[in-house]
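Undergrad: Read off the chains here:
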Amino acid sequence: MTSAIFAADLPYWAQSLLRVLGGTVAVLLPAGTIVYLFLFKMMSFMQSRLGPMEAGPYGSMQLFAEVGKWLQKEDILPTRADKRVFRAAPLVVLMSTFLLVAVVPFGPDAYFTDFDAGVFYMLAVSSISTLGILMAGWSSANKYSLLGGLRAAGQLIAYELPMVLSVIGVVIQAGTMNLQQIVVKQNSDEIFGWNGIGFPYILTQSVAFLIFMIAVQAELTQTPFDMPIAESELVSGYMTEYSGLRFLIFFIAEFATAGVFALIASVLFLGGWGVPFAWFDWAPAGGHQVSNWMNIGGPLIMLTKMLVLTGIIMWVRFSYPRFREDQLQRFAWKVLIPVSLLNIMVTAILKVAF
Amino acid sequence: MTDVKVNDMADRQKLSYIAAQAADARLNVELETEGMTLNIGPQHPATHGTLRIIVRLDGEQVIWAEPGAGYMHRGYEKLTEVRTFPQVTALVNRIDWLGSFANEVPFILAAEKLMDVEAPPRAQWIRTILFELSRIANVSLFLGDLGVQLGAITPVFMAFRDREYVLNLIESATGGRFHPNFDRIGGLKEDLPAGWITETKQVMKKLRNFCDEIDDLLFGNEIFQSRLRGIGVIPPEVAKQYGLSGANLRASGVDWDLRRDQKLPLAYDKVDFKVWTHPDGDSFARCWIRLQETREATKIVDQLLDGIPSGSVMAKVPRIIKVPEGEAWVSTENPLGEMGYYVVSKGDLGPFRVKIRSASFNNISIVPWVLRGVYVPDIISILASLYFILGDIDR
Amino acid sequence: MSDTPPQPEPTPELVHDTVREGVVSALRAALGDGLIDSVIKPNDDMWVRVSADVWQQTGRVLRDTVGCDYFCFLSAIDWLPSPYGRGEDDPTEPPPERDNTIKQGYAGGETRMQVFARVTNLSQHFGVTIKADVADVEPCVDSWVTVYAGANWHERECHEMFGIDFRGHPDLRNMYLPTDFEGHPLRKDFPLLARMVKPWPGIVDVELLPGDDTDDPAAEAEPT
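Residue numbers (the numbering used here), protein chains in the order written: chain P, 45 to 398; chain U, 30 to 424; chain H, 3 to 226.
Keep in mind the hints are simulated off the structure, nothing from the lab. Be aware that one or more of the hints could be misleading.
As the list claims (entries may be wrong) - Output of the computed footprint for chain U on chain H, the stretches with three or more beta carbons under 8 Å from beta carbons of chain U:
#1 69 to 82
#2 118 to 127
#3 148 to 154
#4 171 to 179
For each residue, glycine too, the CB sits at the ideal point set by N, CA and C.
Chain P on its own, in the form it takes in the complex (with noise of 0.2 Å):
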């Protein structure tokens, strides 16, 4: 991969060194971005406010300044609390995370792993972070936590499933999980003979997208499925007992992992970091190669599409109320499974017609 972007060739150290600083950018980067454009400007502005407008010009040092507030502060652990499985919740919601992000492909090189079975990884990584909210919301010695854990437990496991059907109809169009390849083909396929666009998925796996956005608003724990976390009732839920460096921790995956979500979903409908080859005549089979400078473009437009997505997620998050669980559990069960499983039915018999 770095022999591409560097004329040279490095050592392997220095080849992880690049990963892993590159995997910290890649998940605390649209992490800090989204927290400073949609949580404090975009949020406060919908709701005819400005904002932290103090820290620095505008309110952009706001984010170093909560982040150096968060580390002042005292970690408690509540004295009848389980001690080694609260202090590992946190991380263990992080690391999800990271697991995430070391399939998304950023560029035609830049990416940390070039996995054949990338979606069945991608979707049986995201569901560790139930593991940790539970182990949160168990081990806190609390009873607001443990109702915000159980419920959680329901919410993400019945919301897993639908995550899952609706990428299978990507998967059937684009007839391979490799991650890498699905970008490629979304961009060099043709629609019926005109190659303006390429042909991201969305166009005809519009359902999908849909049922594939509101589970991952579910996933989440985002409004309107916040039950877990549920403000005015719980007080943070399965966060309550949280303060200091684990919160912080908390903080950064929830943002993080709705970063790492919105890159999947504009890598699997949006295609990806790329722009259809056919504009600069990019055809792998006879035509040249993917150009060098996509692998500095192509994080750029990942992160474009990202923060588009992020910022629809938040600005529902914004504006509607909850969910109560067992509204919400119907939701998932009885309409939005059987229309994924629709989806997945017509996906493949269009794709054997055509």
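Take the given structure of chain P and dock chains U and H to it, following the hints.
TA: This is chains U and H only, laid out in the frame that chain P set:
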């Protein structure tokens, strides 16, 4: 605009009764597994103040609920016994602190009844206008807070923004945003400032826009409706027995509004207004009626502003007021419900005994009955729809 | 209290309030001797005093026969004039002599404490205030919980503030005060601690009424 579906209230009553009986039966059968006891409050983002609700849960369903009030008990009825009548007026502002002017009015009317003094017409009209303004201020906060209880965090900012206009109006007329202390026995402290009437008319337009906004943003939302419809059904007989008042009573279909049904020296008989009722008796009905009442209040204020009579704002009363011996009961349709004062006077400078009948006390006494068999999120939404202020419960 | 010559009061017989008088006769028919006294202010309000043993029956009659199905409130009045006055006594001086005769209000009374309640008839738009004497020693009266469910909390508060026992109440514990609180705060012989600690110095400042330009209180004070 939302359309009101007249659901079959009898069916829903049956369901809630069945649920309550099932909860009772479960309690009787499973005596070993008591269920989890959860304390909601006294510090909690959802309760409007320090109200503690002890619930016993079976999973997520409530078997038994009991509110524990008294964290804010200030001993008003004892305090009034050592104060003079004007001092009691200042004290009483702080019972329902969101619509403070409305607390003074029944007490002043009771004292005027005992003194056999009537405030001049201009004072009566201005009292009514300020009363309705305090109603708007109070209920617009309720509308915003309703969203927060249910998870919609945006409407509350619009509510506070538009409420500022009303508070500014009250401040320009009385000098105090929250605790005006403007009513006096025999009239008002002073007259309205210049330009107040035109400004109030503009503010009423803004508030009507706000009501339309909330209608679209909250009441038209499907999630909001599914959270509130059919939850916490209170049949009218139970409501009357518990003494529910205000929008809670009218939401159960009882057509009773003290502004229309009682003759008081306020200007309500000079204006046309509609009394909103709803047949369902569920949480949605209670919230919906408050929205309509806010709109109606703006229309009342507009009509009143058009016809304020001129004259003085204070009747001829002695400097140091001694109210003659007697007992009087006056209650008015406050923003929270029916608030009344039973004033016993012995010809002194201050009252002998004042019994303060506050609306939220009765409204919350129904909580053990209405919370049987509901889910935990419904506790919050039912409490939100009943709408109480801690100062009103605890006095 | 005014300078105009007193107007002749209309004699009570000339102003009839048929609704309220009907309520009194219905109560008399149902309670007989239990109904001790009544006061009607025509087209305004009415007070009724019953004996303590028919207290619960009165509630039932009002709810079923008279049609007062709306429960407003229930509380008590302690007619003893406070031995601490209005909390304005100078603590260095001996307490002044005070008149401590018990004088009840409308519809009379024979005891120091009275339980009183108010119910409303929503269809005919009137309300009734009912009073009952309770004994001075171990005051108790029947509970209204079976008649009006809302009386539950009101009776709890009355019990904790006045010490009146309500027979038949399912759960008579304190409403506001801690369980082990001693004393009954709203009784007149229970002092208000704030005034015991610092007595009120009395009226020192009276604001000018609109239209008055002198600020000499002595010149303006008029006897009532």
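Undergrad: Confirm or reject each hint.
TA: Hint by hint, here is what the structure shows:
Here's how the region 69 to 82 of chain H fares: 8 of its residues keep a CB closer than 8 Å to some CB of chain U, so the rule of at least three is met and the hint holds. Evaluation of the coverage hint for the region 118 to 127 of chain H: fulfilled, as 4 residues show C-beta separations to chain U shorter than 8 Å, against a requirement of three. With 4 residues carrying a beta carbon less than 8 Å from a beta carbon of chain U, the region 148 to 154 of chain H meets the three-residue requirement, and the given coverage holds. Coverage of a stretch by a chain is defined here by at least three residues with a beta carbon nearer than 8 Å to that chain's beta carbons; for the region 171 to 179 of chain H and chain U the count is 4, and the condition holds.
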